[in-house]
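Note that the protein sequences, when read in sequence, are chains A and B.
Under the working numbering, the letters of the first sequence match residues 794 to 904, in that order.
Under the working numbering, the letters of the second sequence match residues 18 to 132, in that order.
Please keep in mind that the hints were generated in silico from the structure rather than gathered at the bench.
Remember, predicted model here, so these are calculated numbers, not experimental data.
One or more hints might be untrue.
Said to hold, decoys possible - Derived Cβ-Cβ restraints for the label pairs, each shown as a range:
hint	chain 1	residue 1	chain 2	residue 2	range
1	A	Gln838	B	Tyr67	16 to 24 Å
2	B	Tyr67	A	Asp860	27 to 35 Å
3	A	Arg809	B	Asp71	40 to 48 Å
4	A	Ile856	B	Lys74	29 to 37 Å
5	A	Ala810	B	Glu125	23 to 31 Å
6	B	Glu96	A	Glu859	46 to 54 Å
7	A	Asn823	B	Leu132	41 to 49 Å
8	A	Glu807	B	Lys87	41 to 49 Å
9	B	Pro56	A	Asn812	20 to 28 Å
10	B	Gly80	A	Ile832	25 to 33 Å
Using N, Cα and C, we set each Cβ at its ideal position, and we do this for glycine too.
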Amino acid sequence: DAKTTQPTSMDCAEGRAANLPCNHSTISGNEYVYWYRQIHSQGPQYIIHGLKNNETNEMASLIITEDRKSSTLILPHATLRDTAVYYCIVRVEGSARQLTFGSGTQLTVLP
Amino acid sequence: DAGITQSPRHKVTETGTPVTLRCHQTENHRYMYWYRQDPGHGLRLIHYSYGVKDTDKGEVSDGYSVSRSKTEDFLLTLESATSSQTSVYFCAISESTGLNTGELFFGEGSRLTVL
Numbered sequence: 794d795a796k797t798t799q800p801t802s803m804d805c806a807e808g809r810a811a812n813l814p815c816n817h818s819t820i821s822g823n824e825y826v827y828w829y830r831q832i833h834s835q836g837p838q839y840i841i842h843g844l845k846n847n848e849t850n851e852m853a854s855l856i857i858t859e860d861r862k863s864s865t866l867i868l869p870h871a872t873l874r875d876t877a878v879y880y881c882i883v884r885v886e887g888s889a890r891q892l893t894f895g896s897g898t899q900l901t902v903l904p
Numbered sequence: 018d019a020g021i022t023q024s025p026r027h028k029v030t031e032t033g034t035p036v037t038l039r040c041h042q043t044e045n046h047r048y049m050y051w052y053r054q055d056p057g058h059g060l061r062l063i064h065y066s067y068g069v070k071d072t073d074k075g076e077v078s079d080g081y082s083v084s085r086s087k088t089e090d091f092l093l094t095l096e097s098a099t100s101s102q103t104s105v106y107f108c109a110i111s112e113s114t115g116l117n118t119g120e121l122f123f124g125e126g127s128r129l130t131v132l
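Same shape as in the complex, but just chain A:
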């Protein structure tokens, strides 16, 4: 399985865009990039996922580089409620077993 590398922590000013990077240099062709977040003491929450094209939904945008070795999750207008641990996961197609969470990035949105 491809391993992901994320910064341990990041800060962002409220109202500004939060850009969370993730490296997955060993990603293979059939692996998707998923992002989840976990607000303190709650269960993780799905944010977005993609294969190679950029994706956008009501929560965030996902930018995947052309070589697919890294990606960036963008929260366009961060709020205090976006303070959470953000997990970047690469997942083998068709395998429930391989959805593995790393340590993630602690994003703190500052007022």
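Dock chain B against the given chain A, drawing on the hints supplied.
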């Protein structure tokens, strides 16, 4: 929010006692998972199920067993609890693991303390 209920939400028990955690879903999703979360380790998969009576091991399955006799219920059992099993346990469900799917929905967690 996905209809997932974990019980109990909090439990304190003693070493050597059996413990069963229950995950109940109302979404009729095929896949169910049990994760544990510990400081410094993130979320680690214990067991998962891909249908009634169909289960498989995750990365930290030792000391745990599971059962799924109905689509809606997935039970995690610690036959003889140890202090190393003190953790927060999360249940998750998903409809599919196929292309462009596999989104997991998580429960609120069950905090287990083994003294």
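Hint by hint, here is what the structure shows:
no. : hint                            : verdict
1   : Gln838/A x Tyr67/B: 16 to 24 Å  : 23 Å, holds
2   : Tyr67/B x Asp860/A: 27 to 35 Å  : 33 Å, holds
3   : Arg809/A x Asp71/B: 40 to 48 Å  : 47 Å, holds
4   : Ile856/A x Lys74/B: 29 to 37 Å  : 35 Å, holds
5   : Ala810/A x Glu125/B: 23 to 31 Å : 30 Å, holds
6   : Glu96/B x Glu859/A: 46 to 54 Å  : 50 Å, holds
7   : Asn823/A x Leu132/B: 41 to 49 Å : 45 Å, holds
8   : Glu807/A x Lys87/B: 41 to 49 Å  : 45 Å, holds
9   : Pro56/B x Asn812/A: 20 to 28 Å  : 26 Å, holds
10  : Gly80/B x Ile832/A: 25 to 33 Å  : 29 Å, holds
Consistency with the previously given hints is maintained throughout, with no hint failing.
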